[in-house]
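Novice: Just so you know, the sequences run in chain order C and F. Numbering (my numbering) for the first sequence: 1 to 102. Numbering (my numbering) for the second sequence: 103 to 587.
It is worth saying that the hints were derived from the structure and are not from the lab. Just so you know, not all the hints are guaranteed correct.
[Said to hold, decoys possible] Computed list of lysine to aspartate or glutamate pairs in DMTMM-like fashion (alpha-carbon distance at most 20 Å, straight line):
#, chain 1, residue 1, chain 2, residue 2
1, C, Lys65, F, Glu152
2, C, Lys66, F, Glu526
3, C, Lys65, F, Glu526
4, F, Lys179, C, Asp63
5, F, Lys181, C, Glu82
6, C, Lys59, F, Asp287
7, F, Lys125, C, Glu80
8, C, Lys30, F, Asp127
9, C, Lys66, F, Glu147
10, F, Lys172, F, Glu147
11, F, Lys565, F, Asp419
12, C, Lys66, F, Asp131
13, F, Lys125, C, Asp49
14, C, Lys79, F, Asp237
15, F, Lys308, F, Glu322
16, F, Lys308, F, Asp335
17, F, Lys558, C, Glu82
18, C, Lys30, F, Glu152
19, F, Lys125, C, Asp11
20, F, Lys125, C, Glu12
21, F, Lys383, F, Asp419
22, F, Lys415, F, Glu364
23, C, Lys30, F, Glu147
24, F, Lys579, F, Glu152
25, C, Lys65, F, Glu142
[To be verified] Chain C is faced by these chain F residues, among others (derived, beta-carbon under 8 Å):
#, residue
26, Ile135
27, Ile139
28, Glu185
29, Ala188
30, Leu582
Each residue gets a CB set at the ideal place from its N, CA and C atoms; glycine is no exception.
The chain contents come next:
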Amino acid sequence: MSKSELTLKFDERVYSVETIQKAAYRFINKFTVDFELIDRDILCHIIFDSEHSDSQLQKLKADFKKEILDQHLRQLIAKETETVRNLILSATFLNTGLQKIE
Amino acid sequence: MSKFKGLESYAAEDSAYELLPFKFDRFNDESYIITNIVGEYLLIEHEDLEALVHRKLDVTSRLYCQLRSKHFIRLPKEKSPIELLALKLRTKLSRLSQFTNLHIFVVTLRCDHSCPYCQVSRQSEDKSSFDMTRDMADKSLDFVFRSPSPAIKIEFQGGEPLLNFELIKYIVESAESRNRVAARDLAFVIATTLSLINDEILDFCKLHKIQISTSLDGPEALHNSNRPKPNKDSHQRFVAGLEKARARLGYDQISALMTTTELSLDKVKEIIDEYLRLGFKGVFLRPLSPYGFAIKTKRFMAYNTERWLQFYKSGLDYIIELNRNGVEFSEYYSSLILKKILSAQESGYVDLMSPAGIGIAAIVFNYDGKVYASDESRMLAEMGDRTFELGNILSDSYEDIILSDKLLDALEESFTLSAPMCSECAFEPYCGSEPVYHHAIHKDFLGRKPESEFCKKNMSIFKHLISLMESSSDTKKLFLGWANR
Chain C
1 MSKSELTLKF DERVYSVETI QKAAYRFINK FTVDFELIDR DILCHIIFDS EHSDSQLQKL
61 KADFKKEILD QHLRQLIAKE TETVRNLILS ATFLNTGLQK IE
Chain F
103 MSKFKGLESY AAEDSAYELL PFKFDRFNDE SYIITNIVGE YLLIEHEDLE ALVHRKLDVT
163 SRLYCQLRSK HFIRLPKEKS PIELLALKLR TKLSRLSQFT NLHIFVVTLR CDHSCPYCQV
223 SRQSEDKSSF DMTRDMADKS LDFVFRSPSP AIKIEFQGGE PLLNFELIKY IVESAESRNR
283 VAARDLAFVI ATTLSLINDE ILDFCKLHKI QISTSLDGPE ALHNSNRPKP NKDSHQRFVA
343 GLEKARARLG YDQISALMTT TELSLDKVKE IIDEYLRLGF KGVFLRPLSP YGFAIKTKRF
403 MAYNTERWLQ FYKSGLDYII ELNRNGVEFS EYYSSLILKK ILSAQESGYV DLMSPAGIGI
463 AAIVFNYDGK VYASDESRML AEMGDRTFEL GNILSDSYED IILSDKLLDA LEESFTLSAP
523 MCSECAFEPY CGSEPVYHHA IHKDFLGRKP ESEFCKKNMS IFKHLISLME SSSDTKKLFL
583 GWANR
């Protein structure tokens with residue numbers, strides 16, 4: 001049996017739409033995703049570029065979910081390290097003449 | 103009682119370490135790669151990644167020490183990791199304030215070869231309307247010496263540049279004359295097939311310390327098949343020219359590049375052996391680029407990225423084996439990438455830069471006065487896509503060209519630190535933006551990275567090089583040597 005579409009549901013208290021969108025972008029060569037927000041649910045209607053067997057579909061679904069987890073972790077790290085990242089960049093450009101002195 | 107305190111004595115209370123900026127990606131089924139802001143990397147298990155982010159690392163573990171020493175974490179208020187990361191980042195970015203080192207002069211579009219994969223639409227030998235004029239050369243030199251770079255390299259290309267050797271002589275002598283005042287670190291290169299090399303040319307090259315960059319695609323049959331001439335003597339003339347040039351200029355003044363065609367794919371050992379036989383110390387395994395005749399003759403489509411990667415990987419395996427047997431030989435594309443992975447230095451390779459190398463690492467003065475953002479940009483223009491044509495040297499000023507929207511938009515829009523997927527990619531510190539390639543294939547400066555063959559090729563190479571290093575300390579030692587050359 002082969003399928004070309006499926007729908008996944010996520011709770012917006014767990015994952016943001018941005019997190020899921022970023023994960024979906026990484027699969028843009030395999031499928032596209034239409035988003036629908038209903039109450040606290042984020043519905044992802046996945047449309048595959050080609051037909052897949054059930055096992056292939058399960059693999060893609062699992063990979064997509066893993067990627068969402070990764071994206072969530074990336075956002076945690078980015079948020080937590082934002083201040084120190086700016087500190088490193090300030091120190092990098094200090095005394096290079098590239099900073100404007102008011 | 104021990105003379106030294108245990109590791110736990112140096113750890114922060116309650117595991118209160120702080121995260122420093124880092125990115126991660128899946129490396130394979132078992133592990134993740136994490137890279138910090140300057141590209142130092144570690145391979146770790148998924149559980150360790152979770153433990154790292156959620157402050158559950160064992161402070162006496164080897165991993166904790168590695169993460170601190172490679173600046174993925176710091177103790178609260180610890181300043182040295184910030185200062186060291188800033189220093190390394192400043193080193194990596196230092197080229198930006200000294201932009202445009204490589205200036206390519208296309209002194210003629212005429213050529214004595216008719217290679218089907220040529221990336222420039224060549225013209226026959228006898229059409230002097232395809233030659234650069236002295237006026238254009240003068241204006242181009244005005245431009246060259248406006249560059250803030252302390253090092254200036256002028257490279258002569260074609261066509262076959264030796265078909266307009268008189269202009270090469272004029273440019274070299276004029277540049278040297280200007281440099282008596284400008285005092286730059288000035289160097290010259292002629293990119294030639296060597297088929298027209300003679301004593302007069304070599305004497306001039308010797309006198310002015312001009313280096314030769316030439317092309318060798320492999321053993322005689324393969325080289326001649328890739329580079330047709332009416333007498334089918336391209337390889338023979340190459341070898342004769344090489345010997346002559348080495349005898350006059352010295353071994354290290356001549357380098358060679360190869361291009362992979364479909365005929366090369368199952369001959370990687372033979373190609374490397376030919377480079378060895380002719381006394382070269384390395385090879386640059388290059389795929390075809392999607393420009394010029396390679397597209398018109400459909401050569402570019404003759405093999406896909408997967409097939410080229412097989413070719414590259416078997417070549418690399420063979421080169422590693424040669425080194426294990428005491429033969430000193432390297433692969434230059436790998437070396438450029440390893441420099442980025444294993445040191446704080448940037449290789450300066452135009453294709454692997456962000457901001458992109460177009461215009462700010464290299465710029466091209468074409469035979470007709472047009473100025474292009476890179477060699478590939480002029481190849482694209484020959485196909486009718488003038489996106490990267492920055493102006494005309496006869497009518498536009500330095501400011502018109504270097505501050506043109508065409509250049510600045512391409513640089514800004516392709517910047518990997520703000521590009522979708524690239525900005526969060528763990529391999530971003532090793533990669534580049536390549537807006538010209540993506541414009542050629544995807545018709546925009548970025549392309550969608552999951553669909554990009556450039557992304558696929560480079561990600562695969564990054565992973566392969568790291569895997570080889572992680573699985574053999576001998577290979578890591580060899581690669582460190584390549585990175586630090």
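Novice: For a quick check of understanding: which of the numbered hints are violated here, in increasing order?
Specialist: 4, 6, 13, 14, 15, 16, 17, 18, 19, 20, 23, 24, 25, 26 and 30
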